[in-house]
Each structure stands twice: as structure tokens, then as C-alpha cells.
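Chemist: Assemble the whole structure, with the sequences as input and the hints as a guide.
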Amino acid sequence: NAGVTQTPKFQVLKTGQSMTLQCAQDMNHNSMYWYRQDPGMGLRLIYYSASEGTTDKGEVPNGYNVSRLNKREFSLRLESAAPSQTSVYFCASSEVLGSYEQYFGPGTRLTVT
Amino acid sequence: GEDVEQSLFLSVREGDSSVINCTYTDSSSTYLYWYKQEPGAGLQLLTYIFSNMDMKQDQRLTVLLNKKDKHLSLRIADTQTGDSAIYFCAVGTNRGKLIFGQGTELSVKP
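Chains A and B, in that order, are what the protein sequence lines are.
Here my numbering is used: the first residue of the first sequence is 1, the next is one more, and so on.
Here my numbering is used: the first residue of the second sequence is 114, the next is one more, and so on.
Simulated from the structure, these hints should not be mistaken for laboratory data.
One or more hints might be untrue.
A short, non-exhaustive set of chain B residues, derived as facing chain A with CB atoms under 10 Å [said to hold, decoys possible]: (1) Tyr146; (2) Tyr148; (3) Leu156; (4) Phe163; (5) Cys202; (6) Asn207; (7) Lys210; (8) Gly214; (9) Gly216; (10) Leu219.
Only pairs whose alpha carbons sit at most 20 Å apart, straight line, appear in this in silico SDA-like list of lysine to any residue [claimed, not checked]: (11) B/Lys149 <-> A/Thr113; (12) B/Lys183 <-> B/Ser140; (13) A/Lys9 <-> B/Pro152.
Beta carbons: idealized from backbone N, C-alpha and C, even for Gly.
Modeler: So, in C-alpha cells, the structure goes:
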């Protein structure tokens, strides 16, 4: 089992460019999450998907969109990147929403210039 | 909204005990967690405690929960250089999501 995988590992964008961060899990989990990690601020939830076919906003959804493509895959899209979106992005999954453990991917380090 | 607070840095000597503290505001949390993040990696669940417990021990790790004061702590006994990492406190909300603290960077000096 690979667990939670994320691509790419690193990305540099110019302001206004768009990109999609990919996430996949092979644990047959129902729920998936996107977080961003900024120094001194911990992890903040951007969007989550409780189950296939549903998505909901988290704490900081502005400037992002998500797609739950199927049970395995959950992508995060930046339509028009801004320097404030420079961060490390983590995807996570759990068996169901509220499961006691979330499993994290290795992260994508994004820089917007 | 819910809030989780941690101090940002802790430095200890190898062999000493480390105590990482966390305070939270959501008194309805059923589970409280400690996650560990090693450099360049994602987070991994280290341990957790149910809200009806005061203490949980797991080898070198001891978790203490004071529900009255909404205070959670993680004690690492005989701290090793391999324990150097960022430790995140997290609380589960009644909507099934996790709220994370800022993370405490533990530095262990030989």
C-alpha cells in the first residue's frame, strides 16, 4: 500500500497562473481532506469530502476549488494563483468523517511569485 | 470558533523529558490527538486520548488531559535526537473535522 500520494512535490507558479494538485489514496477511505500549512499557523482545512460525490468548504476555501473524481482521488485547483497561496499543501484521508486517525500525504511545496 | 494553541519551540537535552503543552476551546471534543511531523514529511498520528480519560501511557509517551482547564500535554521520556520534529495537537470537532494547533518544534541537543 502506498497510502496517500500527492503530485507534484514542488511547484513554482507566477501570479495568475493556474494549476491542479493531485491526491490519491489506496486505503478505500471514504473521506478526504486538503490542508495548507503555514509557519506559525499550523494546518488549516481548505476543503474536504466526506464521501464520494460530496465536497464542503473548510476554514480557508477562498481561491481554491476541489473535485472528488472518484473514491480514490481528490484534486485541488488554484484558478489564479496569488503570492498568499505560497504554502505547503497536504492531502489526507480517513475511513469516514470523524474517524480517529487521518493519514497524510508527503505534501506539495508551492511557491507563487 | 474552535481554537487550539501551542507554544512554538521547545529545546531539551538528550535523555531529559520533554513536555509539550496545548490548550483548546471546544469542550465537546471526543478525541484529542498528537501528530508528529518529521522534516520534509507529512503528519503521522503519534497517540490519541478519549475525552473521558485523564491519562494515557504508551511506552515513552504519556498524555495528560485536564478537561476542566481544557489542557492537553504530551510527555516524552528519555528524549532522543530522533524525537526532533514538529508536534501538533489536534482536537476532533462534533462535525467530524480536526482543528490543529500551530505545532511545537522540538529540538533535542546531544
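Chemist: A separate judgement is required for each hint: does it hold in the structure or not?
Modeler: Results for each hint:
1. The beta carbon of B/Tyr146 comes within 8 Å of a beta carbon in chain A, closer than 10 Å, and the hint placing it at the interface holds.
2. Look at B/Tyr148: its Cβ gets to within about 8 Å of chain A, closer than 10 Å, so that hint holds up.
3. At about 5 Å, the closest approach between the beta carbon of B/Leu156 and any beta carbon in chain A falls short of 10 Å, and the interface hint on this residue holds.
4. Hint on B/Phe163 holds. Least Cβ distance to chain A is approximately 9 Å, under the 10 Å limit.
5. For B/Cys202, the interface hint holds, the least distance from its beta-carbon to any beta-carbon of chain A being 9 Å, beneath 10 Å.
6. Interface hint status for B/Asn207: upheld, as the beta-carbon distance to the closest one in chain A is roughly 9 Å, under 10 Å.
7. For B/Lys210, the interface hint holds, the least distance from its beta-carbon to any beta-carbon of chain A being 6 Å, beneath 10 Å.
8. The interface hint given for B/Gly214 holds, since its Cβ lies 5 Å from the closest Cβ of chain A, which is under the 10 Å cut-off.
9. The restraint placing B/Gly216 at the interface with chain A holds, with a minimum CB-CB distance near 5 Å, inside the 10 Å limit.
10. Given hint, B/Leu219 at the interface with chain A, is violated; its Cβ is 15 Å from that chain's nearest Cβ, farther than 10 Å.
11. Only pairs whose Cα atoms come within 20 Å are accepted, and B/Lys149 paired with A/Thr113 is rejected, the gap being roughly 30 Å.
12. Note on B/Lys183 and B/Ser140: the hinted pairing holds, with a Cα-Cα distance of about 7 Å set against a maximum of 20 Å.
13. Distance restraint check for A/Lys9 and B/Pro152: the Cα-Cα separation of roughly 14 Å lies within the 20 Å cut-off, and the hinted pair is therefore satisfied.
Comparing the model with each earlier hint shows violations of hints 10 and 11; every other hint is respected.
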